[in-house]
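Peer 1: Chain by chain, the residues run as shown.
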Amino acid sequence: MNSWDLRAFRNDLSIFIKKIGDYNIEGEFSSLNTILENLENKALVSYKLESICFYVNSPIAGTFPDNLHFFQIYLDNMLMVKDELDLNTDPLYAYYLNIYIQAYKSQADNKKVHFSSWHLDKHKNENVPKYTHPTYHFQFGGKKMELLDDQLAILASPRIPHPPMDIFLGVHFIISNFFNNRQYGFVNELLADYDYQQIIKRAQNRLWKPYFKAFDSSNIHNDFTMNNIFPLYLS
Amino acid sequence: MAYKILYVEDQSSESRENDLQNLGYIVESYDPPKDLGEIIAKVRENIDALVLDYRLTKGKNSICFDAPTIAQTLRSKHSESKLELPIILMSNENEITNYYKDFTSQDLFDFVISKKSFGDNKQGFSQKLNSFIQTYEKIKSVSFDLSELLEIHSEDGISISSLLCSKFSAKKGDVFAYSNLIYRDLISSIGLLIGDDILSARLGISKDSKDWEKVLESLKECHYNGVFSDHVSRWWMNKVDLWWKETIKSTKPLRYLDASERVEIIKESLSLDYIVPCDKTPLSNSSNFWTICQHSKQPIDPFDGIELIKEYSPWQEKEYLSIDSAVTVIENYKDEISSIDKKVIREFAKKLNTNE
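The listed protein sequences derive, respectively, from chains A and B. Using this note's numbering, you'd call the opening residue of the first sequence number 1 and step up by one each time. Using this note's numbering, you'd call the opening residue of the second sequence number 1001 and step up by one each time.
Treat the hints with care, since some could be wrong.
As the list claims (entries may be wrong) - Below 25 Å or equal to it, Euclidean Cα-Cα: the simulated SDA-like pairs (lysine to any residue) are:
(1) A:K19 - B:W1243
(2) B:K1342 - A:A8
(3) A:K19 - B:N1285
(4) B:K1245 - A:A8
(5) B:K1334 - A:L44
(6) B:K1343 - A:F138
(7) B:K1310 - A:I15
(8) B:K1318 - A:R7
(9) A:K18 - B:S1161
(10) B:K1351 - A:N2
(11) B:K1342 - A:K105
(12) B:K1351 - B:D1335
(13) A:K19 - B:D1185
Said to hold, decoys possible - Output of the computed footprint for chain A on chain B, the stretches with three or more beta carbons under 8 Å from beta carbons of chain A:
(14) 1249–1258
(15) 1298–1305
(16) 1328–1342
No lab work stands behind these hints: they were computed from the structure. Predicted model only: the values in this text are computed from it and were never measured. Beta carbons: idealized from backbone N, C-alpha and C, even for Gly.
Isolated chain A, as found in the complex (with noise of 0.2 Å):
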């Protein structure tokens, strides 16, 4: 079985959508069933995940202005996985992965809306880069928060380097990093539970072990490599 095999895949998206209900996570999360019966028409894992959103109902610290008291967290996700898959080669034939936030001062005071934006996605390392240009990199801004304010200049630089995430990985992303654990309880129960931990694993053996091993010497990996994930560094 290979670690990209549609029905683990399948049965761990079952579970995982059960566990964000059953942890009471706040937000709309049905178009994760969307994703749940298309699968069933595909023969390898592809989705195009639209705006699954959590609700985040109190501050996040340092949050500017910093009268925010809450935020709507859109998580965007499309990936495709290659016909042919071989240990050696990334397994994505397209991806993306976009975190766009709304900022309100309350659920009720929702007049005013603050935006920020994430994007991380897959550059195709056809033309030699003008700037640095990690195959997988987080960029903030986004399309969507341009001309918002003539003050705010969005740029496209810096590209930071970072794995690829999947759904599963996107979901955690976003739990651990804009969920208060002391205020939100459910953070560190999800964390601990061991069905969680379970899918949590096997997609980070699917995206995350091939990427990583790149800055290991022994690595033999055709594209993930330190050149192309992390070309800051001189070697």
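The hints should help you fit chain B onto chain A, whose structure is shown.
Peer 2: Relative to chain A, chain B alone:
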């Protein structure tokens, strides 16, 4: 005191009348006339339970209503003829359960039984029917108090989700709906309560173990003693978790351990010699058992399972088949299995056939 049953069937039911009498009931068989009102009037005569045949229209009076119609009239909330008593559907049809899945029967009958199942286990039927009659009586006598019905005490630490609580609150005043909710959503689902098979899977202990009864004895505080407990054996899962922490004194939750590890810990803690781990089904990978195959009742880890796709309430856990069962009984479950799983099952079946 013997319960009084009205058995409404349009064809000769003498033998079943005797069967029911032999089970200790006072039975009145009734061949319904064309007027629905007559049946309703008959039911009002201090009847404890009503047993209906759903093919009523085949009888000699050629009545034009069937069991769902009668039940509907009795169950109807705003009807003057509303009566609170268990209504059981019995039929010659073996596929009766499937047939009624498309119906609103879940909101009409307390349970459905084929005549064959009745014939195979008459005592079982009687026990189940009595349990329903007694539950109706108890719901009325404790005025819908859920804690009393489920025998939950404040020190038990059992919390019923607010969603389920509100579902119960909405059904207050309707004995059938309340009983139905307890039976279907708590007793017959995996969730707050688990049965003996799942208990065995989660403890990793084979029920054939010589000391299995001693393990159950140690768990007796976790046993469910509320309504229907005379009919089915159930355990409060959160009390089992507590027993695992406080009696067994394990620091690692059950789910993290495989069957052998769980058995070793229990053996040592309870000083038992004769408990053995449950066997893994041949096509499974994990023995971190947490559920059972709905067909074979053998323990499986849900990650190895074939999920049965159906509508689950938030407080219900998903149900699964083992791959081993699915290979042989895929046809019986074909509408409940994802196409991805079906493909995998067929590949397994092909491999097994080639190896034979």
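Peer 1: Could you tell me which of the hints above the structure violates, numbers in ascending order?
Peer 2: Hints 4, 6, 11 contradicted; others consistent.
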